[in-house]
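K.L.:
Mind docking chain G on chain X? Use the hints.
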Amino acid sequence: MNSIEWRPEFSTGIAEVDHEHRALIDLINATLASCADVAAGRREIQAALGEINARTNAHFALEERLMEQLQYDQRHEHKRDHERLLEVIRDIMDSVDHGADFNQALFVADLSSWFSEHFRTHDARFHLRVSFSN
Amino acid sequence: MNWLKRRVRAAFEAVESAFDSLFGREFNPLCQLGALGWFLYWIVVVSGIYLYIFFDTGVVQAYQSTEAITHGQWWAGGIMRSFHRYASDALVLVAFTHLLREFGLDRMRGKRWFAWFTGLPSIMFLYLCGITGYWMVWDRLAQYVALTTTQWLDALPIFAEPIARNFLDNASLSGRFFTLMVYVHIAVPLLMLLAMWIHIQRYNHARINPPRRLSYAILGGFVALSLLAPAVSQPPADLDQLATHVGLDWFYLAPYPLIDRLGAGTLWIVVALVLLLLALLPWLPRLRPAPVAVVNLDNCNGCARCFADCPFSAITMRARTDGSPYKEEALVDPDLCVSCGICVGSCPTATPFRRASALVSGIELPELTVERLRDEIERACQAGGPLRVIAFRCTHSAPLRVSAADRVAVFDLPCLGMLPPPFIDFIVNDQLAAGVLLAGCRQGDCYNRLGIRWTQLRIAGVRDPHLRERVPRERVAFSWAGATLPAVHATALRQFCDALAVLPALQRGSVVARRNAWQARATRMPRLLRYATQALVLLVVAGLIAGLSSAPSIRLLGAQEAVITLSFTHAAQRLQECRPLSAAERALRQPNMQRPINCPRGRWPVYVELELDGRLVYGGLRQPAGLWKDGVSSVYRRFRVPAGVRQLHVRLRDTGRHAGFDYETRRAVELRAGRNLVIEFDPQQGFEIR
Chain X
12 MNSIEWRPEF STGIAEVDHE HRALIDLINA TLASCADVAA GRREIQAALG
62 EINARTNAHF ALEERLMEQL QYDQRHEHKR DHERLLEVIR DIMDSVDHGA
112 DFNQALFVAD LSSWFSEHFR THDARFHLRV SFSN
Chain G
48 MNWLKRRVRA AFEAVESAFD SLFGREFNPL CQLGALGWFL YWIVVVSGIY
98 LYIFFDTGVV QAYQSTEAIT HGQWWAGGIM RSFHRYASDA LVLVAFTHLL
148 REFGLDRMRG KRWFAWFTGL PSIMFLYLCG ITGYWMVWDR LAQYVALTTT
198 QWLDALPIFA EPIARNFLDN ASLSGRFFTL MVYVHIAVPL LMLLAMWIHI
248 QRYNHARINP PRRLSYAILG GFVALSLLAP AVSQPPADLD QLATHVGLDW
298 FYLAPYPLID RLGAGTLWIV VALVLLLLAL LPWLPRLRPA PVAVVNLDNC
348 NGCARCFADC PFSAITMRAR TDGSPYKEEA LVDPDLCVSC GICVGSCPTA
398 TPFRRASALV SGIELPELTV ERLRDEIERA CQAGGPLRVI AFRCTHSAPL
448 RVSAADRVAV FDLPCLGMLP PPFIDFIVND QLAAGVLLAG CRQGDCYNRL
498 GIRWTQLRIA GVRDPHLRER VPRERVAFSW AGATLPAVHA TALRQFCDAL
548 AVLPALQRGS VVARRNAWQA RATRMPRLLR YATQALVLLV VAGLIAGLSS
598 APSIRLLGAQ EAVITLSFTH AAQRLQECRP LSAAERALRQ PNMQRPINCP
648 RGRWPVYVEL ELDGRLVYGG LRQPAGLWKD GVSSVYRRFR VPAGVRQLHV
698 RLRDTGRHAG FDYETRRAVE LRAGRNLVIE FDPQQGFEIR
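Heads up: the sequence lines are chains X and G, in that order. Going by the working numbering, the first sequence opens with residue 12, and the numbers climb by one from there. Going by the working numbering, the second sequence opens with residue 48, and the numbers climb by one from there.
Hints listed in this document are in silico derivations from the structure and should not be mistaken for laboratory results. A quick note: this is a predicted structure, and the numbers were derived from the prediction, not measured. In this text, a Cβ means the ideal position worked out from N, Cα and C, and glycines have one as well. You can take every hint at face value.
Looking from chain G toward chain X, a few residues come up when the C-beta cut is under 7 Å (computed):
hint, residue
1, Ala351
2, Arg352
3, Tyr373
4, Lys374
5, Thr396
6, Ala403
Here chain X stands alone, though its shape is the one from the complex:
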């Protein structure tokens, strides 16, 4: 089954951010696993997506606060990318709500590509800036 894997290069060097990144990836993977295991009904999938939505929201709020505190120069671009993912998640939630089949492969592909791209570009740059200012 597809899943998202944590890679050492995802690390930002900020303990709380890394902790949440890992937790998010775990949550997504657990969701995928449970969906696959029990051939879950729509309600379970909706619930799981709702959880991912909430946790991602909270995580972004924290990361955006750190960027604001450090007056990180690309915080607005970074935040825009956050918003993009939140829209993606809500799109998926909507499609499940309104009868579309939950396409696991597509879901993982969407999320996985967003995460790896976001980690590789935005978070890596932020990490660099944080280690610089330290």
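P.N.:
Leaving out everything else, chain G in the frame of chain X:
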């Protein structure tokens, strides 16, 4: 008390609604009285600094330099002086309107006592500033202020000698008093600034600047007022030849005529009682405290959004206490939290989509959790199919009555700011209702200060947590109405339902919607009429300020009257004579107590009588000052008498004798109309009449 509050509130809401359509909500001066107060304070400070550069202290110089500022450089100093006076008067007007309004809107009870309570010293300092300011100019009004204030102060039993004696006549007046006044007049505004700063300490994002356009309009108004009705001095003070009338600044000096009417002591009691009543108002009656917000650390990652949004500085961020990898956590100060729930609305975990785990947000109001709110919304929707509108109503706003046939569900919140925006996403996209109505307090006038502002910014997508773009804003509506204006909500709901009825079916997907929520159009006057009425309102306020700043006058003296001022301080004879100590007595004393004579403490009181044309005008026993009653006895009395040639007989005794007098003087004096005849006493020379 509640009856009074409701009346005051209704009056304010009626006037403010009229002002809304006149000025527009953003520029409604009644909705920013606090910020206006700050703005006026700064105008007074800046103009005061300018005046100080050219002001000279001294009996004659004070008046002369003020005249030079006013007339010699009318184009700068004169305008500055008018700014200084009119802005100070406006500040009194704004401060009391602010006080009355906060009282009417009941925003001073419970945890919000602090701003009310600390506003009172600000007002007291304001009065002290105004009174010392009028004193400094040393014109006729200053003379009235000096005499009346000192007599009022002399009613307190703390001064050994009457301060009023400093203002007996021109000859005895000292220029140093003016230097003292300047110091007081500079020190008190600084104290006032401190008090104003403390006043806003418990407010997050306190508004201390009015909108720029309103500030310009006010400045323009002051310039016009300075040119049309410049602030000028009254004729110079003259302690020997008294004026019959004096024009008062009623903003500052309204209580002064009462000193003559009621007596200085009574006025102290009245002032003390009024201040006490005002200070106690936040607890009359006591507000039942609602359970405060609670932080759930399992759902708090320290993102600090609640910290940023709390209007009452009740939330602080502190180091994490639960051993998790997060650095910080939110902490609620129960003494400051007013349970408005704005923090709940800001929490990113407060989303109704959470179903895998219990819906507990990072910060919650125990009496209305987000889970309960979601469950109640879902329950309302299950009964009888989708609703037309789900309305969230602030409990401080007007009631919103609906019938079952309307298919509208109303949920009450302690503040609209409590609603997390994902709830709107949830309702609209899950089609629980066709639209969401947010019915709050009067716009610009949130009971909880920032609930409306944050809600509007969140819906507009400007402030986090914002309403996602996918939610079409034509399905979200605002209605703002004060508690006494229920028709506004009813109309908005009806119009919103009509607007929803003609909307096409909801489009799915990430469409960029417009960011402004639906709102009933504010009724605004035609532009020309609006400008004319704005000018009229400004004119009325300006006229009120200019008019009451020097009129109406009060009568101090009849046209054919003169004044006799009887005033002296005199140490009467000792109760027991001093006696030389014998060598034996001195030997018993400590080495540092070797004075050769023994003077037992205590003096006789001074009994003084004043007779005019054979008629007793005054007879008074004056007790010696001091805890041991061994100080001076003093008297300061002014008598208004008909003008003409009068036979004066003044006498006193300062020994223990029961009859007869130790000193007395008879003289025929000519009392011209307006003359101030001063009678002093000195044991060497006896009575001095001048």
